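Sequence order for the protein chains is A and B.
One gets this note's numbering by counting positions in the first sequence from 1 and adding 1 to each.
One gets this note's numbering by counting positions in the second sequence from 1 and adding 1 to each.
Treat the hints with caution; some may be incorrect.
One copy or two, either will do: identical chains are not told apart, so a pair holds if it fits within one copy or between any two.
[To be verified] No farther apart than 20 Å at their CA atoms in a straight line, the calculated lysine to aspartate or glutamate pairs in the DMTMM-like style are these:
1. K73 to D103
2. K73 to E132
3. K107 to D78
4. K76 to E27
5. K90 to E72
6. K182 to D70
7. K8 to E132
8. K107 to E72
9. K90 to D103
10. K8 to D160
11. K47 to D70
12. K182 to E27
13. K76 to D103
14. K28 to E42
Worth flagging that the hints you see were computed from the coordinates, not collected in a lab.
If you're wondering where the values come from, they're calculated on a predicted model, not measured in any experiment.
2 protein chains.
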Amino acid sequence: MQSTLSKATLGRLPMYLQFIRGTDTEKVSAAQIARGLGLGEILVRKDLASVCAAGLPRVGYPVTVLRRDMEKALKMDGPISAVIVGAGKLGTALMEYDGFLDYGMKIAAAFDLSATAEPFFQGRVPVYSMEQLPAFCASRHVHAGILTVPAASAQNAADAMTAAGLTAILNFAPVPIRVPKNVTVHQENIALSLAYLHAMAGETKKQEKEKEYGSQRI
Amino acid sequence: MQSTLSKATLGRLPMYLQFIRGTDTEKVSAAQIARGLGLGEILVRKDLASVCAAGLPRVGYPVTVLRRDMEKALKMDGPISAVIVGAGKLGTALMEYDGFLDYGMKIAAAFDLSATAEPFFQGRVPVYSMEQLPAFCASRHVHAGILTVPAASAQNAADAMTAAGLTAILNFAPVPIRVPKNVTVHQENIALSLAYLHAMAGETKKQEKEKEYGSQRI
DNA sequence: GTATAGTCGGTATATCATTATCGATCATAC
DNA sequence: GTATGATCGATAATGATATACCGACTATAC
């Protein structure tokens, strides 16, 4: 258990969390997780040790403790609220996506230019006008947002989000956005991810270093 | 111009490509791209040099040549066809997503358990039954697929995809999937990406190493 | 009890990625 | 034509990450 988590480790924690959420045994070992995810056993052991000190030789980690510590490391002890900016096709699909709650994430609301002062509901998610974004984020202490607007308005929307106090943005618009230093952006260009994968698939034939399940990353 | 591209470089190429597609000048320099994307100038210069040898001092790279070489490095010289497996909310949203064509990607078809022998159309994309996946991929030489089925059926769908000859899978199901060694998987758990971002946003306050535009990754 | 096998945790090494530094090159200005 | 400044490309140094190794610990078997 250490205080400074490397970026790479942090990026793998979600995978581990996803895995141990799917285990029904009492204990789990680093080797099991490594096999299950196709990662190096030592790598997993080191990652686990950096977030949880409850590991016992010959036994492994108690699942409940490991999960709690991992959620703590990922700042998921409480439920995390996020907003969606852009109620187009993709934004609407995400509103109706039911996978968030399983991971302690909750879509608190959505915001769209076309919305009026009076919110309407898309599934269970209220859709407000963009003007209401700052007040909403401030009062509900929301710091994470998903950006699903067209490329042309991405920068404007991003500016509104950072102005509203969001510090984590998942950007589905197919353009990079400019944000202040203290904001973390994850660019999610699906088309280019596919292109990257396509290129990777061609390359890895040479490398042949991949494990049992191929390469995975978040 | 070198033959072996590092994984990290490969992951940044889409960002560069995205950027230079948005430039309307004749030439572009590594420094310009670096400033535009908030990356280190040296890093960008090295990445560009590894895919394109047409850079000239004081001038930079001719945009057309750079773009061509970059698309070649990403194996995007021709249009890439991909299929969507799972015609639920997310799958349907992606079918109607119009950002693919901009990047040389084309959704050739979708496949779903509920579909019948006679395909129906969702927007411009035909939806076939799962039985037709192998024949379709073989005849159209499709090697990339997007997986948008519920968690429970993710592994079955993935097996069908690998059996059909797909070697690049973008997995939106919230579970890791097992694939043969020669297949590359990109796990896209949106909920956990948000969690990662949320944790990162808390950490980066200490690090303070981020550049002008914060951190971005694909 | 004692041996054995599986697992953890820490240290050391190797690998990979990024940044810094330097000389070479080329257009522009004078 | 020469000086100047911007840029590239290569090499070297730093830093981050992943792997290998070793000792320590604990349950099970005998």
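Okay, the hints, checked on the actual structure:
When the C-alpha separation of K73 and D103 is checked against a cutoff of 20 Å, the pair qualifies only within one copy, where the shortest distance is 16 Å, while the shortest distance between copies is 40 Å. In the homo-oligomer, the alpha carbons of K73 and E132 never lie at most 20 Å apart, since the shortest distance is 33 Å inside one protomer and 44 Å across protomers. Only within a single protomer do K107 and D78 lie at most 20 Å apart by alpha-carbon distance; the minimum there is 13 Å, versus 41 Å between protomers. Taking the shortest alpha-carbon separations for K76 and E27, neither the intra-copy value of 23 Å nor the inter-copy value of 46 Å comes in at or below 20 Å.
In this homomeric assembly, K90 and E72 never come within 20 Å of each other (Cα to Cα): the closest approach is 31 Å inside a single copy and 28 Å across copies. Taking the shortest alpha-carbon separations for K182 and D70, neither the intra-copy value of 28 Å nor the inter-copy value of 32 Å comes in at or below 20 Å. Taking the closest pair of Cα atoms, K8 and E132 never come within 20 Å of each other, the shortest separation being 35 Å inside a single copy and 42 Å across copies. In this homomeric assembly, K107 and E72 come within 20 Å of each other (Cα to Cα) only inside a single copy, at 15 Å, whereas the closest approach across copies is 38 Å.
Proximity of K90 to D103 under the C-alpha cut-off of 20 Å is restricted to the inter-copy arrangement: shortest distance 17 Å between copies versus 23 Å within a copy. Taking the shortest alpha-carbon separations for K8 and D160, neither the intra-copy value of 26 Å nor the inter-copy value of 31 Å comes in at or below 20 Å. In this homomeric assembly, K47 and D70 come within 20 Å of each other (Cα to Cα) only inside a single copy, at 15 Å, whereas the closest approach across copies is 40 Å. Proximity of K182 and E27 under a CA criterion of 20 Å is satisfied in neither setting, with 42 Å inside one chain copy and 30 Å between copies.
Taking the closest pair of Cα atoms, K76 and D103 come within 20 Å of each other only inside a single copy of the chain (15 Å); across copies the shortest separation is 37 Å, beyond that limit. Proximity of K28 and E42 under a CA criterion of 20 Å is satisfied intra-copy only: 16 Å inside one chain copy versus 47 Å between copies.
Checked against the numbered hints above, the structure violates hints 2, 4, 5, 6, 7, 10 and 12; every other hint is satisfied.
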